[in-house]
Amino acid sequence: MNRGLNRFAILVACATFFLIIAGALVTSHDAGLATSDWPLSNGQFFPKMVGNLFWEHGHRMVATTVGMLTIVLTIYVLVKEKRSWVRKLGVFALLGVVAQGLLGGLTVKLMLPLAVSSAHATLAQLFFCTTVSLAVFTSPSWFEAKRLEEEKAGPPLRYLCTAALVTIFLQLILGATLRHSATWDQKPPIELILAHIGGAFAVTLILGGTGLTVLRRHKGEKFLTRPAMIALSLLVVQLFLGVAAYMTRLASPGDPQPLNPMVGITVAHVACGALVFVSTIVLTLRTYRVLPATHEHSTWAARPQES
Amino acid sequence: MNKQTRVWLVLSIALSLLAMGNACSNKPEGPASNTNGATAQKKWDKPTGTISGVISFEGTPPAPKKIDTAADPVCGQKNPNLMTDDTVVKDGKLANVFVYVKEGTVEGGDKLADYAWDTPTTPLKLDQNGCHYVPHVMGVMVNQKIQITNSDATQHNIHWTPKNNPEWNQSQPNGAPPIEKTFGRSEVLVPVKCNQHPWMRSYIGVLKHPLFDVSKDTGAYEIKGVPPGKYTVVAWREGGAAEKTMEVTVTANGAAKADFSFGGGAATTSTSSSLQMMPAIEFPMVGKH
Chain A
1 MNRGLNRFAI LVACATFFLI IAGALVTSHD AGLATSDWPL SNGQFFPKMV GNLFWEHGHR
61 MVATTVGMLT IVLTIYVLVK EKRSWVRKLG VFALLGVVAQ GLLGGLTVKL MLPLAVSSAH
121 ATLAQLFFCT TVSLAVFTSP SWFEAKRLEE EKAGPPLRYL CTAALVTIFL QLILGATLRH
181 SATWDQKPPI ELILAHIGGA FAVTLILGGT GLTVLRRHKG EKFLTRPAMI ALSLLVVQLF
241 LGVAAYMTRL ASPGDPQPLN PMVGITVAHV ACGALVFVST IVLTLRTYRV LPATHEHSTW
301 AARPQES
Chain B
1 MNKQTRVWLV LSIALSLLAM GNACSNKPEG PASNTNGATA QKKWDKPTGT ISGVISFEGT
61 PPAPKKIDTA ADPVCGQKNP NLMTDDTVVK DGKLANVFVY VKEGTVEGGD KLADYAWDTP
121 TTPLKLDQNG CHYVPHVMGV MVNQKIQITN SDATQHNIHW TPKNNPEWNQ SQPNGAPPIE
181 KTFGRSEVLV PVKCNQHPWM RSYIGVLKHP LFDVSKDTGA YEIKGVPPGK YTVVAWREGG
241 AAEKTMEVTV TANGAAKADF SFGGGAATTS TSSSLQMMPA IEFPMVGKH
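Chains as they are written, first to last, in the working numbering: chain A, 1 to 307; chain B, 1 to 289.
Among these hints, one or two may not hold up.
Unchecked claim - Think about it this way: if two alpha-carbon atoms lie no more than 27 angstroms apart in a straight line, the pair counts; the simulated BS3-like pairs of lysine-lysine are:
1) A/219 to A/152
2) B/90 to B/125
3) B/111 to B/46
4) B/66 to A/48
5) A/109 to B/163
6) A/187 to B/66
7) B/145 to A/109
8) B/65 to A/187
9) B/163 to A/187
10) B/181 to A/109
11) A/48 to B/78
Said to hold, decoys possible - A few chain A residues facing chain B, derived, Cβ under 8 angstroms:
12) 30
13) 31
14) 33
15) 35
16) 42
17) 51
18) 111
19) 258
FYI, nobody ran anything at the bench for these hints, they're computed from the structure. No residue lacks a Cβ here, since even glycine has one placed at the ideal position from N, Cα and C.
Using the sequences and the hints, build the whole thing.
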């Protein structure tokens, strides 16, 4: 275990979260095409940051910083980390940030086609998931975790967590598609709104059920209950933000420009969605770490010192 | 031929067909072709008439909204009272309404689309002045040059989002030379926006003929050079209101009247259409995806 590596991974994960917020600000301000250039802005490294160029070029600057941090993190992982799968994950993070940068450029050059913009937003969440996973895998609690017994009645928590994770990810894809299907001055397509609302019900049911199961089965085991509590709390906040985002977006086509309430709430909804996703990732990884795959005794989960 | 070769061959053919389809869908409309693919060589060289009228606004118009220009101080300095201009009403008369001849039958039985007009060589100007597009609504002919200028001491980008023409986005920093662009296909109307200053909006009506006008501050418009015949005249306004249509008969050297009315109490016949683009009827709408 390397404490420095873990701290650095946490730093990169936090920077990635900030990058997601910066990206969401670009979308809410409809600033993605504030310059037709990429990677420069109006042919400059440091253009005058006025109007919506502040958001678009600001996003590029934050992305560049995250890219550099990821390069350092990958080198750090390759130098200090012994576990080959964590080393591979470090390389995957680097590939992810490069792909994400290229997708960002493609969105500008192709003038925000829905598929590319949605892919850019979705890959952002996957990259965030990767950096958070690196932080989890290098954390002291990962090494110190002790095996727990799975309750015999009911489905294994591993499966429940995985189902919740997949549902949230699908919901994130729907949300990204919804956000990029209409700018602030257009009404979003009703089919996507309904699908996203349906997704919210599915996430609430599955994540809510999973979180409550964790709290019931493993009361007192903070290794599992803490991420479960965080995920559940964020889920409640996210549902309120979702309703507020829907209402402000319905009103925004009548506004003369993107107004702060709409921008703030929609960005908060994106950010909170990312946090729900990663808190569920933490819960899922930890579940895999300490709980057996089935109700039978698992040797995999009993070897914390090896992974 | 092994299986792998066959797969690649099929893929290549499919991609080629897709590329061809895409290229065909964006084929520019010259002034000399019509919907049937036949050459439109006819030119009307006999006496023409005019269609004119006044656009009124019934009821209380929505109040203009103040635009917050704090994000770019240059805008606020040059245009401190920048307001929305989607509904400009003065003494009950509505400005910025795009009125055009949509379709019709010319005297003698030919369709309007069978006739061709010369494309004006003079470019029309679209200026970015005070973080505001001037004019707010304009009409051009297919392939007529639009000269885009930046009169502000700040950077803009011109981004038009048509359905029937290629999308285009170009930054234009302050001091940059004018940009000249054309539309290859007819489209009513093409929205234009600036992603730097999201309140900036303009609309361009693109037609194969010159039979259009935009209402002035007095609500008046006049379409000159209309061959005698029976036509459907359309009035379009920004802001989500229904588009208005009217059947008009024009005689040689005659002056036909077509007044339109928008707003809550407006009684003019209309087709239900949103504020979004609508293709000019004489040309098939080939979607740009």
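Worksheet entry | Hints violated by the structure (numbers, ascending) | none
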